Every structure is written in structure tokens, then in C-alpha cells.
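Line order of the protein sequences matches chains A and B. Going left to right, the first sequence walks through residues 892 to 1004 as this note's numbering numbers them. Going left to right, the second sequence walks through residues 1019 to 1130 as this note's numbering numbers them.
Calculated from the structure, these hints are not laboratory results. Computed from a predicted model, the values in this text were never measured in an experiment. Don't be surprised by glycine CBs; every beta carbon is placed ideally from N, CA and C. A few of these clues could be false.
[To be verified] A few chain B residues facing chain A, derived, Cβ under 10 Å:
no., residue
1, GLN1055
2, ARG1062
3, TYR1066
4, ALA1070
5, GLY1071
6, TYR1082
7, PHE1108
8, PRO1115
9, PHE1121
10, GLY1122
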Amino acid sequence: GNSVTQMEGPVTLSEEAFLTINCTYTATGYPSLFWYVQYPGEGLQLLLKATKADDKGSNKGFEATYRKETTSFHLEKGSVQVSDSAVYFCALSDQDYGQNFVFGPGTRLSVLP
Amino acid sequence: NAGVTQTPKFQVLKTGQSMTLQCAQDMNHEYMSWYRQDPGMGLRLIHYSVGAGITDQGEVPNGYNVSRSTTEDFPLRLLSAAPSQTSVYFCASTITPRGEQYFGPGTRLTVT
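Build the full structure now, drawing on both the sequences and the hints.
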């Protein structure tokens, strides 16, 4: 079945540091890939997405590139802020709805001033 | 648009009680899901629906029932609450099977 693996953290960085959160996936077809962010006490929000190989999703300074050859979708940001402290989930959707929308376990990021 | 709304925001139940978590969306999305979020386990799919009148089980359906009588509403029923159902519950919807999901704010449930 489909699966998503991501570094579980927690990740602690100083403000303005470079961020990478690794995400790799296993899928039977050609999935769409997503990064969601969850701020404390809130639901998940879509951060960025990519629907085919070599697509780059970007939003709020975050980027991720769909790499089919390495089955990866790593999240990066050049300079993190305290306000980026949250839990980040990598996810994929493949074929039909329901069980084929799979989330990774989440990575907690803490950014210190 | 209000997006996806969930009520209540917090709930405490005693073991054996039943209750319904409400979920509604005003985006005319056909596809809706219920997830539970537990520490260290990410999100796990409970039940989902691909349209009014059509529901199916997810990864962890035991102890939960759903129905989908309208496109807008997708309530989740706990039949006889157990402490193992203490969790945060999220409802989500999407317009296409492979599209991004829109999440509600969650219901934090404690079963004592």
C-alpha cells in the first residue's frame, strides 16, 4: 500500500536558520504530493502541493520539489521565523479517494528567537 | 464561505456514553473524511464518503458510525465511548479525489 515517511523530529532551529524536512513516499501510481502545516490548537492547512514529477510547490517562503526518481518531496525554507513553529505533515493522494490519501507522522518544528 | 466547520470544539464523555460529532462544509465538496490524531501516530482515517449516501471504512473504523444524507453534512457517531477514543478528531473535504483536503478546526474528545 501507499506510505509516507518523514523525519519525526522534533526539529529545533534558531531564527533565520535553513530548514529541511525530509519526506519520502511509496505509491503504486503517480500520486499528488502535499505539505500541510498545523499550528498549535488548529486544524491542518495546506502549505504547498505538486501534482507531477519535477513540479515545485512553493508558499510563504517554503518550497518542495516532486522528485520521482528518488520518490521524495523534501520541504525547505531558507530562513525560518519564530512564527513557523508548527507541526508539518507530508501527504500523498493516489488514485481513488479515501484510503489512498496518506499522511506522514508529522514533524514538529520549534524556532527559537 | 465558512469552509469546514466542526462542533463541538471540546467534549468530555464518560465510558459507555454515546455522542455525535458534527461536520459540515459549504463548498459543495463530494468527498469527505474523518480522521483521528493521536500523539506520535499522525492522522488515521476513520471513515470517508465519496458522495451523499455513500460511505466506507478507513483504517480505524471500529466504534464509530457515519452517514451522509446530504452533501454538506457528515456526522461521526461514537456508539459507546471508550478511553481509547480519547483523541482529536478532524473532518476534511475535497472537491476531487486526488485534490487537497480542507480541514475543520477539530474536536478534542476526552473519555474518562
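Here is what the structure says about each hint:
no.: 1; hint: GLN1055; verdict: 9 Å, holds
no.: 2; hint: ARG1062; verdict: 9 Å, holds
no.: 3; hint: TYR1066; verdict: 4 Å, holds
no.: 4; hint: ALA1070; verdict: 14 Å, violated
no.: 5; hint: GLY1071; verdict: 15 Å, violated
no.: 6; hint: TYR1082; verdict: 15 Å, violated
no.: 7; hint: PHE1108; verdict: 6 Å, holds
no.: 8; hint: PRO1115; verdict: 4 Å, holds
no.: 9; hint: PHE1121; verdict: 4 Å, holds
no.: 10; hint: GLY1122; verdict: 6 Å, holds
In this structure, the hints that do not hold are numbers 4, 5 and 6, in rising order.
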